[in-house]
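Engineer: Fit chain B to the known structure of chain A by using the hints.
So the protein sequences, as listed, match chains A and B. According to UniProt numbering, the stretch in the first sequence is residues 1 to 498, in order. According to UniProt numbering, the stretch in the second sequence is residues 1 to 498, in order.
These aren't lab readings, by the way, just hints derived from the structure by calculation. Values in this document were obtained by computation on a predicted structure and should not be read as measured data.
Treat identical chains as interchangeable: a pair holds within one or across any two.
No more than 25 Å apart at the CA atoms, straight line, and that leaves these computed lysine-lysine pairs for PhoX-like:
(1) 420 to 311
(2) 148 to 79
(3) 79 to 444
(4) 79 to 137
(5) 438 to 79
(6) 441 to 466
(7) 438 to 420
(8) 444 to 137
(9) 297 to 438
There are 2 protein chains.
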Amino acid sequence: PEQKTRKYHRVQINGVGYLPEPPSSCIVRAVPSRPGAVPVLSGPCAQPPFIPPQGTRDHHPAQMTLLGRLLGTVVSCFKRHGAAAIDTPVMELREMLMEKYGDNSKLIYELQDQGGELLALRYDLTVPFARYLAMNKITNIKRYHIAKVYRRDSPAMTRGRYREFYQCDFDIAGQFDPMIPDAECLKIVHEILSELQIGDFLIKVNDRRILNGMFAICGIPESKLVTMCSTLDKLDKMPWEEVRSEMVGEKGLSPEAVDRVGEYVQLHGGMDLIEQLLQDPKLSQNKMAKEGLEDMKLLFEYLTLFGITGKVSFDLSLARGLDYYTGVIYEAVLLQQQNNHGEESVGVGSVAGGGRYDGLVGMFDPKGRKVPCVGVSIGIERIFSILEHRMKASREKVRTTETQVMVATPQKHLLSARLKLISELWDAGIKAEMMYRKDPKLLKQLQYCEDTGIPLVAIIGEEELKDGVVKLRDVATREEVNIPREELAAEIRRRLEP
Amino acid sequence: PEQKTRKYHRVQINGVGYLPEPPSSCIVRAVPSRPGAVPVLSGPCAQPPFIPPQGTRDHHPAQMTLLGRLLGTVVSCFKRHGAAAIDTPVMELREMLMEKYGDNSKLIYELQDQGGELLALRYDLTVPFARYLAMNKITNIKRYHIAKVYRRDSPAMTRGRYREFYQCDFDIAGQFDPMIPDAECLKIVHEILSELQIGDFLIKVNDRRILNGMFAICGIPESKLVTMCSTLDKLDKMPWEEVRSEMVGEKGLSPEAVDRVGEYVQLHGGMDLIEQLLQDPKLSQNKMAKEGLEDMKLLFEYLTLFGITGKVSFDLSLARGLDYYTGVIYEAVLLQQQNNHGEESVGVGSVAGGGRYDGLVGMFDPKGRKVPCVGVSIGIERIFSILEHRMKASREKVRTTETQVMVATPQKHLLSARLKLISELWDAGIKAEMMYRKDPKLLKQLQYCEDTGIPLVAIIGEEELKDGVVKLRDVATREEVNIPREELAAEIRRRLEP
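So that you can see chain A by itself, here it is in the shape it has in the complex (with noise of 0.2 Å):
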């Protein structure tokens, strides 16, 4: 409970999700009950260690490289879509994030006061998206953003859930016909997870005007339907029992209602099931549940011209947790098992998700014009811990720099030499390094290369200074030849750039 303690079991995850080696000055002084959780580290330290707050960590070059990939394929996805990309603050007027959060605005980091306006910093990219649109006045776009956003959670970093994490938001805003940028929304989340290769996945969909009919057939409230929203998105973290004893405890809602719910909640299928539901006497009486109906209808008929219906469930269960969300929502899991390390590993959960907001632009402008919004958001950070998990246990080894040559010397008094084709081959645009000493040995030269995965060394002696050439030589095969000086760059260059 006390906060020292706090802060030194955090020491073991810098590289996300594994015990690096606890500083030599901590004991482990408890190893935690719950199964997968991290031991916790206590005194007595000489100082307290320096480490990232709390439920955030440093990348090191190789998780660079990793995330640089997965990030690579998410925009290359988000730009064969069409979308253009725009960046917001960090930081957003305090009083503008609040109210858009429903329970989760607590989570929300807020900057001290030190004279001046009040902030916070961003809780998702999807409200100041919002903000941009209605400040701007902008009624129609397509873009993404990628940026990391913040909360004050609970972190589990083994499963990839931080304080600091990034999201990767694809939105579509402007009056369209209905159903056509949703389905692309979801086309791009089957585009992205197929791409990644991080096993079988689920597309569930519902829409907040189908809940919101069946808690009204059901005898809930009006007054509680958002609130029902928030509880029933916990679904996918505890059983319906939980869930069930939540509402009526702390919602105060009857048991017989919450009940009809729980038989709504089982529901989920396809097209099978909307028509089922088209035909649900009570259902299809409720007017928002109607024209849910018949969209999420229209819905799979597009989908299955994008042929993707095969990996999308409507499912009556699924209700999202944020409060802006006024049509169809989305959330996709996978379905394996990543691995065999115990519990912990079952169910990363959500690893994208997102719906239609056509109300939250409306409530930035001063005389509340609505522009319909619909869009997603892509878990790159669970992604990203699963394919770390599997780089690690496959033992591979990532370059974590793309160096081209190694400029070497075999002899000692060539440093200038050395310096002087380095420069050459940097103005000829070739990525290349060299040792940070005077007189490196050769040996140690090559070492580097292979250490760092350094494909080709230029090696400059006295005898290749006097015939005017660099010995080229390959780390892999050892094979060197001499290269006239003035034609090394495009020698490198066709060696390497197929």
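Structural biologist: Chain B in isolation, oriented as in the chain A frame:
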């Protein structure tokens, strides 16, 4: 002075440095006297407009395109020099950041105490890098880090000075032979500023040891050395007379000592000046200064081999504001005026800076183990604001998306055909868009291509469907050819990918 006015004042920052249309409900209340400053806007507004916090701004798609190009140039230079990427959290433990930035510590954004750790937003990328090295016991790395940092400074946004801004840092950590990595940092500044073609520049170089030696022989007490550097650093913003009176007044130094300093800080030159100062009877007697001058000589030898001394000036007035520098320091400034819009445009100031900080890592290590470091930070925001001005002036139209083909239909009732075709193209990796309408007019679809720069249109009508072809239209030439449907993706690729 009151909060509200300041708030509205900032509405016009949308579009860096330009005045967009103020909110229609606001009126211009006062035009400030300082030339180039933005007019103060004020009420009566229906409600406070939701805008980004003071000193921060959104990036629009065209700005993101420009920023992407800029960062691309910087990253490829860093990679050309063999650097690996790392990332650290935007927030750090408050305690970790304190006492690293001298007088500037008051500019650190602190987070509210919401229970848990006391946090603050990073002020630069250097201190988190040092923390990262110490925590992970890394003694040897060449890394780059591109991320936003936060300073509660008075913003001057037309000149690219913000409270949230990118830093692009390249650093070399490790124990090496003198001045080799230091010279590479200057080479990097030279490469990046040359490639970006932002006009003529000068890299000023000095050494903290030379400065300290100079202060000592001028009779400045040792306890004032650090604060002298902060004050001297203001020389690029105010004339010597003002700096002098701050030294004498606020800092309480003797006028005679300050005047002796005043003579030295006028000196700048190249190898000749280094040789001259090495002969200076007083300066060469000071151990620190002598070490610094000898290393400076070595540095200039290496820079000569790199062929970049033409743009490097050894300048005794250069001090750099930050506490942590221990050796060579440098700063690049643009020499030319960027445009002719008045005073504001003169001197965009420093566009890159850095130096050696051999003691910083030791401050985070429980045993005080030092890791020598040298690095450089590229001031991308100022360069961005210059290039953005230039782009606006040239009225060059920037494409903000990369869409290759528009999928269009010439008749009604063909939404399904469009959806099916675009889905095939996406799956083949083609960047494709369509209008989100059931039955858009062909003209509208073609107009969209003109507006957004999409080069090709894939038209699918009744006829094409029947024949199993797609009509591929070149937007520029208006030429149309029928392509067998199964060859469409390959044909688009052939036409656009050289």
